[in-house]
Amino acid sequence: MIVPLTDEFLLISGTRSFLLAVKANALFALRIETPAKEYSQTIEPGDLIVVSAPEGGALEPAIMLAEFVRTYHMPLIVLPKDHPGSKRFSYLVSVGPVITTNCTIKRGTHPEQHLVCSSNELAGTTIRAHPDGVEITGLPDTAVHRYVKYRMLTDYS
Amino acid sequence: MCTVGGGPTGDLNFDERVKGKKYRCNECGEKFESISKKPVCASCQSEDVTAL
Chain A
22 MIVPLTDEFL LISGTRSFLL AVKANALFAL RIETPAKEYS QTIEPGDLIV VSAPEGGALE
82 PAIMLAEFVR TYHMPLIVLP KDHPGSKRFS YLVSVGPVIT TNCTIKRGTH PEQHLVCSSN
142 ELAGTTIRAH PDGVEITGLP DTAVHRYVKY RMLTDYS
Chain B
132 MCTVGGGPTG DLNFDERVKG KKYRCNECGE KFESISKKPV CASCQSEDVT AL
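Chains A and B, in that order, are what the protein sequence lines are. The numbering of the first sequence is our numbering, which starts it at 22 and goes up by one. The numbering of the second sequence is our numbering, which starts it at 132 and goes up by one.
Just to be clear, a hint being listed does not mean it is correct.
Said to hold, decoys possible - Below, a list of computed lysine-lysine pairs in the DSS-like style, where the Cα atoms sit at most 25 Å apart:
1) B/LYS168 to A/LYS44
2) A/LYS58 to B/LYS152
3) A/LYS58 to B/LYS150
4) A/LYS108 to A/LYS58
5) A/LYS58 to B/LYS169
6) A/LYS102 to B/LYS152
7) B/LYS153 to A/LYS108
8) B/LYS169 to B/LYS152
9) B/LYS150 to B/LYS168
Read the hints as simulated data drawn from the structure, not as lab findings. It should be emphasised that the depicted structure is a prediction, and the values quoted were computed from it without experimental measurement.
With the rest of the complex left out, here is chain A (with noise of 0.2 Å):
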């Protein structure tokens, strides 16, 4: 299935969690910062910003979260494995031209950059970027798809 998008961000949604994709405007290199080492990743115009909510939640941190990726290039901060706070966080990030869901994955402990953990009811799902939007293979037939359009106003008066 082609699913048109340009600048829009894509609600996949299941019943209880949601997968948010956008695509990259601008090539940029992202920054992945780890306890030892800083890397970069190549992200090219097109590629997919992909933020996974497994149990769900509200969608304006998984709209901000790619937005810092897309727009402001924010580096990725690796904390090291077992690390106490992971389990503060509840949504994941995935970036590249191909994004499979997975949820038999332990989060945030996998460096393959195509996998991102969903919940059980969207793993299996695949994005890929396309020149018409995004190709979607392996959705659920439960899961429903549409778009969402969102703007940050800013008054500075």
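Starting from the known structure of chain A, arrange chain B on it as the hints suggest.
Relative to the frame of chain A, chain B by itself:
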């Protein structure tokens, strides 16, 4: 790349499993380690880089 976020953070066991390659930017001189096949300078975003 899968990270968990409140901000864009994660707890990947990253250094043990990911192999980056070191580059130097020919425009700004920045040295960086990229995990991508098409490296871009992490400082000035230039594609003019040399593998070290």
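Results for each hint:
no., hint, verdict
1, B/LYS168 to A/LYS44, "holds (20 Å)"
2, A/LYS58 to B/LYS152, "holds (12 Å)"
3, A/LYS58 to B/LYS150, "holds (11 Å)"
4, A/LYS108 to A/LYS58, "holds (23 Å)"
5, A/LYS58 to B/LYS169, "holds (19 Å)"
6, A/LYS102 to B/LYS152, "holds (23 Å)"
7, B/LYS153 to A/LYS108, "violated (32 Å)"
8, B/LYS169 to B/LYS152, "holds (11 Å)"
9, B/LYS150 to B/LYS168, "holds (12 Å)"
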